[in-house]
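Number of protein chains: 2
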Amino acid sequence: MAQGSDLEIARAARLRPIAEIAATAGIPADALEPYGNYKAKVALEAILGRPATGKLVLVTGINPTPAGEGKTTTTVGLTDALRRIGVRAMAALREPSLGPCFGVKGGATGGGYAQVVPMEDINLHFTGDFHAITSANNLLAALIDNHVHWGNALGLDPRRITWRRALDMNDRALRQIVQGLGGAANGHPREDGFDITVASEVMAVFCLANDLADLQARLGRMVVGSRRDGSFVTAADLKADGAMAVLLRDALAPNLVQTLEGTPVFIHGGPFANIAHGCNSVIATHAALSLADVVVTEAGFGCDLGAEKFLDIKCRQSGLAPAAGVIVATVRALKMHGGLAKAELGREDVAAVRRGAANLVRHIENLSGFGVPVLVALNRFGTDTEAEIDAVKGAAAAAGAEAHLCTHWSDGGAGAEALARAVMARLAAGTASFRPLYPDAMPLAEKIRMIATRIYRAGEVVIAPAAARKLEGYEQAGFGHLPICVAKTQYSFSADPGLLGAPTGHTFPVRDVRLSAGAGFIVALAGEVMTMPGLPKVPAAEGICLDPAGRIEGLF
Amino acid sequence: MAQGSDLEIARAARLRPIAEIAATAGIPADALEPYGNYKAKVALEAILGRPATGKLVLVTGINPTPAGEGKTTTTVGLTDALRRIGVRAMAALREPSLGPCFGVKGGATGGGYAQVVPMEDINLHFTGDFHAITSANNLLAALIDNHVHWGNALGLDPRRITWRRALDMNDRALRQIVQGLGGAANGHPREDGFDITVASEVMAVFCLANDLADLQARLGRMVVGSRRDGSFVTAADLKADGAMAVLLRDALAPNLVQTLEGTPVFIHGGPFANIAHGCNSVIATHAALSLADVVVTEAGFGCDLGAEKFLDIKCRQSGLAPAAGVIVATVRALKMHGGLAKAELGREDVAAVRRGAANLVRHIENLSGFGVPVLVALNRFGTDTEAEIDAVKGAAAAAGAEAHLCTHWSDGGAGAEALARAVMARLAAGTASFRPLYPDAMPLAEKIRMIATRIYRAGEVVIAPAAARKLEGYEQAGFGHLPICVAKTQYSFSADPGLLGAPTGHTFPVRDVRLSAGAGFIVALAGEVMTMPGLPKVPAAEGICLDPAGRIEGLF
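So the sequences go chain by chain: P and G.
Remember, this note's numbering sits 20 above the position in the first sequence when you count from 1.
Remember, this note's numbering sits 20 above the position in the second sequence when you count from 1.
By construction, these hints were calculated from the structure, which means they are not laboratory data.
Hints should not be assumed to be uniformly reliable.
Which stretches of chain G does chain P cover? Using the computed rule of at least three CB atoms under 8 Å from a CB of chain P, they are [to be verified]:
1) 195–207
2) 266–278
3) 295–309
4) 349–361
Label-pair distances were calculated between CB atoms; the ranges are [what the hints assert, rightly or not]:
5) THR182/G / ARG247/P: 50 to 58 Å
6) ASP532/G / VAL558/P: 55 to 63 Å
7) ALA497/G / TRP170/P: 39 to 47 Å
8) GLU65/P / THR451/G: 22 to 30 Å
9) PRO556/G / SER430/P: 56 to 64 Å
10) ALA205/P / PRO485/G: 49 to 57 Å
11) LYS362/G / ARG36/P: 55 to 63 Å
Derived pair list, reagent style EDC-like, types lysine to aspartate or glutamate, alpha-carbon separation capped at 16 Å [what the hints assert, rightly or not]:
12) LYS259/G / GLU573/P
13) LYS362/P / GLU406/P
14) LYS259/P / GLU573/G
15) LYS259/P / ASP567/G
16) LYS259/P / GLU562/G
Where is the CB? At the ideal position from N, CA and C, for every residue including glycine.
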C-alpha cells in the first residue's frame, strides 16, 4: 500500500534523466530541448510528418463527484501497466492550469504510485506554455484596443468586441470590468472581462493546430468582434496573427516527462473540458502515435463532455480515431450518483451502487454509440465491498463492457495489468469503427439538439432566441459546417449540477453561443458555467510556502 | 564593418553549448538547470554564500535621445574586450520586457557584433522569469479581492487598496479599470488598474532579494492597502507571501547566456529604470562577482535615473560598491542635447557637440560625486568627424574623465580594447570610495530634495501637499529610513522630457509617492510617467510573423 502524500511519493522517486526516457521512446537526443534534467520539449521537425501508426486508447470517466474517480491516475497506471506487459506504450495528457492550484489543494498529475513527475514543476510553470498562450491572448487584446484608439480604420464596433483578455489565475474580480477609463490617453472606455487562460480560444487553437503554419492560419481566422453591419473582424485583419504565432512558436513543441515507473509521457496543452474542448494537443497525440504502438490519452471530466468533444471536435478535425475507450468509475462515486451523501460512503450499500451504476451504463452506451469498444476501470478504494464491486461489474457487463478492478494508486502499473491485458485484447479484436455523432452538414441548432438528446438525453432543448439568431448568422457567414463545443456543468448529464445519476427528460437550455473560428467550433453555453473561476473562502494559497530548505510545502 | 541586421548577425553566430560557457566561468555542470542548449539557470545553492571578490564596473549613459547611445552594446563590448586582454570578466544585465517588443521594433540585447545570444529567446519568454513575476503579482491581487469578497476579516478599506494588477504587455486600456462588476458573485466593484510587470514591486523585490528566505520575507512586507484607521495591510497579513515565493522559486536562480564572443553573462531581473529601480538582480551581480575578477553591469537609462538608483538603492541595500563607472555617449546624441534635430545629425557641427557635451559633463560630475572613478565610452558612428570627437574628449577630460572611442558595434570586443585597458588602469589605481548621496536617517522629503537639487540641479522642489502628508505617514509608520526611487522621464535631468542638455533652476514637481515596503524604497512620481505603456499607431507586432521555416521575422 502507498505511504504518504502524493508529494512525498513523488519526492522519494528517483527520476531518470529525460534523455534516457526519450531514448526509450525512440526520440533522438538532438531532438530534445531540455528544461532542466527531467523535462524536455521535442523539436517539431523531429516529430511532424511521421506516420501515426500506433493505436489510440481514450480514458474518460463517469460524471465526477466529490468522491473522486482518478481519471489521470488511471491513464498513468494503464500506460505503466501496458509497458509492464511488454507493450511499447506512451501517454498523452493535458497540462494543468496554474490558477486552481491556489484555490483547492491538489495537483493534476495523477496520484499515489500512478503519477507523472516532476509533479511540482508540471503543476506550476512547467515549460511556460500557458504563459505563452496568455501572452498571445493579451497581445491580441491590446492590439484591438490600440486599433480603436488610433482611429479604428477597420470600423470595429467597440460595443461588439467579443475578444476577452485572459489570465491563468482564479480571479472573480476580473470576470466583468470596464476598461479604458481615465481620459483620452487611455483609449475608449468599454466593457470587457478576463477568462482563465484554459478557457481561451488561443488555448483551443494551440491544441488543435497540426503545425506552425496551421497555428498561424488558425490564429488569423479568430474573430475578435464585428462592425456595425455585422461583418466580422479577425485577428488577421489586425495583423496580429504573426506576432501571436511568434509568441507560441516554442511552446508548440510537445513536452516530454515520465511516470514514476519511467514511462514516457507527453503533456501538452490543456483546455478545460467544461468550458472548452478538454483534450491535450493534436501535435502531442500524433507524435505519441508515431513513436509508440499504443497511446493512452485522456479527455477531461465526464464522458458526456470530454469524450464527446474529443470525438466530435478533436478526432473530426485531426483524423484521429480511438481503437478503444476506458471509462473510469469508483464504487464511492457511483454511490453518490445513487443518492448517498459523501458522509455515507463508508458503509456498504449495494442498492445505492446499483442505482448509481445507471450513470456508468449511460456513458458506456454513449461511447459505444460512437463505434468505440468500451472497458471500465474500477478504481478500488479500501471501503469497497465484494458485493458492491460485483454490482458494478454486473451493470457494466449488461451494457456490454468488462469492468476491471484497478489498484494502480497503491501498486503502480502492477495494479492495472488486468485492465492492460483486456485493452490489448480489445485492440487485437479490431472492432472499433469510429463515427462522429453528427455530420458536418447538419445545421448548427440541429447539432446542439443531437448532442443534448442523444448524449445528455434531454427531453427538450431550449435555445435562447438571441442565440438562435447568432447561429443563423454563423451559418450565413459560412461557419455552418463547424462542430459544437458545449460549455456546461461536468457534474451531471444535464445542465443542472445537482441532477446526478442518469436523468432523462430534462430541459437543456442554451443561453448563448460563441464563434471560435480559429479553433473551428461553435461554443454553446448551457446553464451557469464560469469562464473565470473564483477562489474559495480559505484558498489553498494560504497554506503554501517554501520551507527553510527552499522546498515547496502545502501545494499537494 | 558589420553586415546585416542584429538578427542576421546573431543567427550567423555559432553558439557554444551553455555547459562550456559555464565551465569558462567556473560553474560546475551539475549546478546548471539547462533551458535548451544555450540558456541555463544556475542553482542558488551553487552560488549563494560565496565571497564576492570581483570588482564591479557600472555602465551608464547620458540622457537618452532618439539618436541612440548603445549602453547595453557597450556593456557587452567592454566585457568581451576585457576577456580579450586576459581579464576573467563577466557581465550582469537586465532581462528585457516582452511588452515593448510589440510596440517599437528592436530588442534589448545589444547590437551589431556586441550582442548577447540567443537574442530571440532572451527578448521573448527567455526562462519565464517575468511570467513568474506576473503570476505572483496577480495571485496577490486575486487574494486581496477574494479576502474582501469573503467577509474582509482584516478590515481592508476597499477604497484604499493600493496593490495593482500586472501584465508584461503594453496595454493602455488596462491603466484604469473598474472591476468586480456583474453582481455579488463577482465581488465588490472597485477602481483598479494594471501596471507593466517591470514596474511592479514584485519585480523590485525579486531583484533586491539576497536569497529565497529574504525573498519570502520581502514579499510578506509588501503593503497592499490600508484600513479605515490608516494602518497598513500586508501580503503576509493575507498569507500570500508563501505562495508567491513558491511561484518565484525557480525564477530566482540567475540565467546564464553568452555574448557572440563566448563571454559568460548573467541576465536576471529587469525593472524599468524610469518607473522602478532599473538594475538586474542582486543575486546575479553577487554571483558574477564571486566567479569573475571584473563584472560589468548596467543601470538603465541616463546616469541621473539609473546610476543614482543603482548606487542609492541597490548598492545601499546589498553592500555592493562599484570600482569604476563608464558613461556611454555618442557624438550624435550630444548634438541633439546641443539643440539639433534628428535630421540635422549628418553634418558636422562642433559647436552643437560642445553645447550638448554639457549633458555628459554633468553626469561625470554627478557620478564622481558618489566616489566612483569615471570613464567615458564614445560609441563611434560613421558620420562622426575628428573635430567632433575631439570636442567630446576635451569636454570629458576637463571634467576629469578620459573618453575612449569604441567600435565594438562593428568590431566586437576588439573595438573596445582601449576602453578595457583604461578601465583596468582605473581599477588598479584603486581610487574608488563609494558613498551614497544621502544617509538613511535623513527625512524622506529631504532625500527627495537632495536628489532633485544635487543630481537633477533643480531650483525648486514642489512636493504636492497630499504626497507630503503621505511621506509623514510613512515616517510615522517606521519607513523613514528607506531610500527614494524617483519615477520621472529619462530624457532630461528635469521632469520635462523636452528640456535637453544640462538644465538648471527648473522646478521639480513630485505629484505622488508610493510605499514599496518589500522592495525597501519610497517611489516619488514626478511629471507624467506611465506605469503602463501603450502601443504606437503602427505597432511592430503588425510586421512580426513566422516564415515558412518557422523562423521569426520582423522582431528586430
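Structure-inconsistent hints, enumerated in ascending order: 3, 4, 5, 6, 8, 10 and 13
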